[in-house]
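Line order of the protein sequences matches chains A and B. The first sequence runs 0 to 94 under numbering that gives the first Met the number 0. The second sequence runs 0 to 483 under numbering that gives the first Met the number 0.
None of these hints come from the bench; they were simulated from the model. Check before you lean on any hint, since a few could be wrong.
[Claimed, not checked] Derived lysine-lysine pairs resembling DSS-like cross-links, with alpha carbons at most 25 Å apart:
(1) B:Lys87 with A:Lys17
(2) A:Lys91 with B:Lys87
(3) A:Lys74 with B:Lys147
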Amino acid sequence: MSIDKETVGKIARLARIKVTEDDKEVLAGELTNILTMIEELNAVDTKGVEPMTSVVQMQLHERADEVTDGGIPEKILKNAPEETAGFFVVPKVVE
Amino acid sequence: MTALLKGETGDWEMVIGLEVHAQVLTKSKLFSGASAEFGGAPNTHVSPVDAGMPGMLPVINKECVKKAVMTGLGLNAKINNVSVFERKNYFYPDLPQGYQISQYQHPIVGEGSIEIDLPDGSVKVVGIERLHLEQDAGKSLHDQHPQKSYVDLNRSGNPLMEIVSKPDMRSPEEAGAYVTKLRAIVRYLGTCDGNMDEGSMRCDVNVSVRKPGAELGTRCEIKNVNSVRFVQQAIEFEARRQIEIIEGGGVIKQETRLFDTSNGTTRSMRSKEDAHDYRYFPDPDLLPLTVEDGFIEDIRKTMPELPDAKKQRFMDEYGLSHQDASVLIGERERGDFFEKVAKGHDAKLASNWVLSELLGALHKAEKDLKDSPVTAEQLGELIGLIEDDTISGRIAKEVFAEMFGTGKNAGDIVEARGLKQVTDTGEIEKIVDAVLAENPDKIEQYKGGKDKLFGFFVGQVMKKSGGKANPGMVNDLLKKKLEA
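Turn these sequences into a full structure, and let the hints guide you.
In C-alpha cells form, the structure reads like this:
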C-alpha cells in the first residue's frame, strides 16, 4: 500500500498536526515503508485463529461504583491556557 | 398506524429510526472514580482520567456493565459474552482525550425488540439493533463570551448506553411511543433516571421518506432532540422538508441536522467533510469485556416486573381496559400506587379514581405522584366509603378535594361535615314530598309528556338534601310517586 502526499495531509489535519509541504513528501515515503513492512504479515494464514488481545491471560480490570476522585478543580485547571470561574476558556468553537 | 403524508405527487411514507443516549444510573463515571452526578461547580466532578491527562488509565465501573446487561435483558436482546471498547477519534475542546471510548464492531448488547403502545390502543413491535457503552463528552458554553468558549468537564466520562433502534417507525406518534416505552423500561429497571430535562436521556432521530413500498430514501440525522414532543415536531418538519425537496426535483443529501426548539425547524450543521472520519480502533488501554452466562443469569433473576408484563397483569388480574392499564404502567410508582389503592376494593373504581381524580388534581397542582397529599391508603379508604354507600360518588369528589387540600382522612371529613349519605327511606320521602309540593305546575307538565323534567326533580331533591340523599333511592321514590 502506498501513501501519497494528499493522504499525509489529511491524516495530519485530522490529528491537528502541522506538517510542511516538504515534510509531507518525506512522511509519505516513510509511512509507505511502514505499511509495506506490516503487509508482510498478510502472508501468514490466520484462519481459525482467535485474535490475541494480550500476551498474558488477563481479565479486564474492574472497579466498584464508588466516588474516589474529583473535587480538585484547581489541579484540573492547572495547565489550562486560560480559565474563568472554574471553566477552561478556549477560542470559540461553534459548529 | 402508518401515517402517510400528502405531497403533490401522492402519498409519502416516513421511515424513522432512533438512537437514544441514556446515562447509566451510577455514582461514578464509566472509567474513573469521579462523581457522575448532574451539575456541580464547573470541573469539580473531574479526575485526571476525565481530563485526558497523559499516562492515566481507564478502569471500567462494574456497575455500568451490570446495568447495560440488565437493560439489554429488558429490551429482550441478545447479550454478547465478549465486547470490545474502541476509540472514536475526533477533535473538540470538550473531549480532552481526543477520542471517545465507545463500542463499535462488538457491542455488549445485540439485537432485541420492544412493544410500543399507540394512541389508538394497538401495539407494535419495534426492533432494537444494538446497545453499547460509551463515554459522554464535557460541555461547552458558547454564549458567555464573544470570542471564547467555556468548557466544563463534569460530564466528561459519564457512562452512556447508546440504544439504537431499527428503522421500524412510520410516524411521529410511533417515535414518541417508542421513546416513552424505552424511558419506562430503563426507569423500571433503575438503569437510567430517564430525566430528559437534565439530559440523562437524549435522542438522535434518523428520518427518510419514500413512496409506500419503495426502496429506502436517503436519511438525515437530527442530533440531540431532548423531549418526546420535540422528537415528534422534528420528524414532522424534517419529513415535509424532504418531500418538498424531492418533489421540487432535488436530491436529499445525507447529513447531520440540528433541531431548533424555538421554531420547530431543522437546519444543516455545515460539518466539514472530514468530521465523520472517526478512525475507530480497539482501545489498547482496555482488554475485551467478558460477561459470563452465570453473571447474566444472576442479573436476570433480580429483574423487576417490566411495563408490558405489568400491563398484561393489570388487564388479566384487575379487568382493566388496555387504555387504562397502559396509562397506569407508564411509571412504576403509578402502577404501585394503583395496586395499593385497589387492595381490597373494586379495581375499576380504584383505577378511575387514580386516573381521573388524583392524576388530574396532581397535574393541576403541578405535583408529582410521590408528593401527593393523598396517600394510596387514604384514597382506598375514600373508595371504601363509596362502596359501602356511606357517601355518594358526587360527595366523594367533594371529600377528595378537601383531602387533597388538607391531607385529612376521608372518614374524618365525612364525620366532621356530616356528609353521610341519607339512606333512610322515610327521610328521603319527606324531601321528595316537599319538592313535589313546591312544584305542582312541573308535575302537570311531566305528566303531560315532558319526560325530561324527571332530571329536574332529582336535582331538586339532591339539592335539598345537601347532596346527601342516596341517588338510587331518590330515583326510585320519585318514579313511584310521579307515576302514581
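Verification of the hints:
{"no.": "1", "hint": "B:Lys87 with A:Lys17", "result": "holds (21 Å)"}
{"no.": "2", "hint": "A:Lys91 with B:Lys87", "result": "holds (23 Å)"}
{"no.": "3", "hint": "A:Lys74 with B:Lys147", "result": "holds (22 Å)"}
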